[in-house]
Amino acid sequence: MAMARVSSGLAYPERFYAAASYAGFDGSSDSSTKGVSSKFSNDAALLLYALYQQATVGPCKIPKPRSWSPVEQSKWTSWNGLGNMASTEAMRLFVKILEEEDPGWYSRASNFVSEPAVQGEKNNETIAETVTENGNVLPEIKTIPAENGILSEPQDKDVVSEGSGAVGVYDQWVSPPISGPQPKSRYEHGAAVIDDKMYIFGGNHNGRYLSDLQALDLRSWTWSKVEVKTSGEAPVAPIAGHSLIPWGGNKLISIGGHTKDPSETMQVKVFDMQTHTWSNLKTYGKPPLSRGGHSVTPTGTSLVIFGGQDANRSLLNDLHILDLETMTWDEMDTL
Numbered sequence: 131m132a133m134a135r136v137s138s139g140l141a142y143p144e145r146f147y148a149a150a151s152y153a154g155f156d157g158s159s160d161s162s163t164k165g166v167s168s169k170f171s172n173d174a175a176l177l178l179y180a181l182y183q184q185a186t187v188g189p190c191k192i193p194k195p196r197s198w199s200p201v202e203q204s205k206w207t208s209w210n211g212l213g214n215m216a217s218t219e220a221m222r223l224f225v226k227i228l229e230e231e232d233p234g235w236y237s238r239a240s241n242f243v244s245e246p247a248v249q250g251e252k253n254n255e256t257i258a259e260t261v262t263e264n265g266n267v268l269p270e271i272k273t274i275p276a277e278n279g280i281l282s283e284p285q286d287k288d289v290v291s292e293g294s295g296a297v298g299v300y301d302q303w304v305s306p307p308i309s310g311p312q313p314k315s316r317y318e319h320g321a322a323v324i325d326d327k328m329y330i331f332g333g334n335h336n337g338r339y340l341s342d343l344q345a346l347d348l349r350s351w352t353w354s355k356v357e358v359k360t361s362g363e364a365p366v367a368p369i370a371g372h373s374l375i376p377w378g379g380n381k382l383i384s385i386g387g388h389t390k391d392p393s394e395t396m397q398v399k400v401f402d403m404q405t406h407t408w409s410n411l412k413t414y415g416k417p418p419l420s421r422g423g424h425s426v427t428p429t430g431t432s433l434v435i436f437g438g439q440d441a442n443r444s445l446l447n448d449l450h451i452l453d454l455e456t457m458t459w460d461e462m463d464t465l
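Adding 130 to a residue's 1-based position in the sequence shown gives its number in this note's numbering.
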């Protein structure tokens with residue numbers, strides 16, 4: 131059986147970064163205009179530029195340039211025309227265009243890629259080399275065990291997932307494609323992750339405290355509101371500045387926070403993911419003063435609470451520990 135093209139020796143995203151380096155995208159501010167335009171036709175250079183931006187930055191969010199420079203106008207138009215194309219799709223299309231324009235690019239790109247495994251090498255061999263570009267070490271690649279003497283396509287050690295929620299850009303902030311009814315903007319909210327979902331509770335929206343519980347699916351990037359059922363206790367009050375901690379795999383603990391009618395001591399509430407109800411946890415010992423903006427650090431079966439602001443917004447520097455097995459508070463003496 132004939133071997134696949136040599137460019138298949140690298141898996142994504144390494145293959146894309148190697149192709150980008152070969153094409154002239156070395157990370158400098160002018161690399162996308164000088165090196166690329168000298169190697170390819172104007173149309174191909176513009177398309178490669180747009181795909182590189184889409185893969186590494188995301189959809190075009192910058193305003194249309196006001197200058198009359200035809201180059202800047204063309205670059206913006208080409209990038210903006212890709213719309214919401216996923217970064218992984220842009221990576222693959224970039225490599226495809228490069229291979230159509232320069233079929234032998236891979237054989238001349240030895241400075242940008244590690245050597246792929248060749249047919250006839252020992253089965254189950256792992257490629258442990260890495261690709262270094264712009265001072266960044268890219269993810270390690272490895273091979274799938276060989277079958278019938280032919281090595282399979284390499285895979286990333288850290289696989290870049292594909293689909294509508296794929297994020298294939300490294301070392302920079304990106305805005306994933308969010309769907310579903312998005313919650314109100316807020317700050318001073320609590321956030322905690324259980325399994326594949328991040329839960330957001332309460333917070334401050336334009337000076338108003340909130341009490342809703344929202345969930346963001348980290349696989350599909352879809353928001354949904356968690357419907358809270360009523361229990362025998364009073365409904366949970368709007369709150370901000372609290373901490374939200376995952377507990378036991380199916381519960382969320384809310385500790386402290388500012389409310390319209392503050393209590394004298396810190397309150398501990400728990401949300402049961404199975405019954406969808408809030409309840410107050412009964413604690414023992416001497417509880418800390420009521421506060422918000424404090425830090426909570428899980429340590430074993432205990433929670434360590436430090437600092438914060440009291441109801442009068444005075445800063446605190448005391449340290450307390452809540453044992454989750456006995457639900458007992460302890461205050462720690464600090465120097």
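Don't read these hints as lab results, they were simulated from the structure. For every residue, glycine included, the Cβ atom is placed at its ideal position computed from N, Cα and C. Hints may contain errors.
Said to hold, decoys possible - The following label-pair restraints were derived from C-beta to C-beta distances: (1) V201 to S354: 42 to 48 Å; (2) S354 to D173: 52 to 58 Å; (3) D391 to M462: 37 to 43 Å; (4) N210 to K169: 31 to 37 Å; (5) K381 to Y414: 16 to 22 Å.
As the list claims (entries may be wrong) - Keeping only pairs whose Cα atoms sit at most 25 Å apart, straight-line, the calculated PhoX-like set for lysine-lysine is: (6) K314 to K381; (7) K359 to K390; (8) K355 to K314; (9) K226 to K205; (10) K359 to K416; (11) K381 to K327; (12) K314 to K226; (13) K355 to K381; (14) K314 to K412; (15) K191 to K205; (16) K390 to K355; (17) K390 to K416; (18) K359 to K381; (19) K169 to K205; (20) K390 to K412; (21) K205 to K194; (22) K327 to K355; (23) K314 to K327; (24) K191 to K314; (25) K381 to K412; (26) K327 to K359; (27) K390 to K327.
Status of each hint after checking the structure:
1. V201 to S354: 42 to 48 Å: At roughly 45 Å between Cβ atoms, S354 and V201 fall inside 42 to 48 Å, so the hint holds.
2. S354 to D173: 52 to 58 Å: violated, 44 Å
3. D391 to M462: 37 to 43 Å: Because 29 Å falls outside the window, the suggested range is violated.
4. N210 to K169: 31 to 37 Å: violated, 24 Å
5. K381 to Y414: 16 to 22 Å: Once the Cβ atoms are compared, 19 Å apart, the range 16 to 22 Å for Y414 and K381 holds.
6. K314 to K381: Holds. K314 to K381 sits at ~23 Å (cutoff 25 Å).
7. K359 to K390: holds, 22 Å
8. K355 to K314: holds, 11 Å
9. K226 to K205: Status holds; Cα separation ~20 Å.
10. K359 to K416: Judged against 25 Å, a Cα distance of about 31 Å means the pair is violated.
11. K381 to K327: holds, 13 Å
12. K314 to K226: violated, 41 Å
13. K355 to K381: At roughly 16 Å apart (the allowed maximum being 25 Å), K381 and K355 satisfy the hint.
14. K314 to K412: violated, 31 Å
15. K191 to K205: Cα-Cα ~13 Å, so holds.
16. K390 to K355: It holds: about 23 Å lies between the C-alpha atoms, which stays within 25 Å.
17. K390 to K416: The given pair, whose Cα atoms are some 23 Å apart, holds under the 25 Å limit.
18. K359 to K381: Roughly 15 Å between the alpha carbons, so the hint for K359 and K381 holds.
19. K169 to K205: holds, 17 Å
20. K390 to K412: holds, 22 Å
21. K205 to K194: holds, 10 Å
22. K327 to K355: holds, 12 Å
23. K314 to K327: Holds - the C-alpha atoms of K327 and K314 are around 18 Å apart, at most 25 Å.
24. K191 to K314: holds, 22 Å
25. K381 to K412: holds, 16 Å
26. K327 to K359: holds, 20 Å
27. K390 to K327: violated, 29 Å
Hint compliance for this structure: hints 2, 3, 4, 10, 12, 14 and 27 are not met, and every other hint is.
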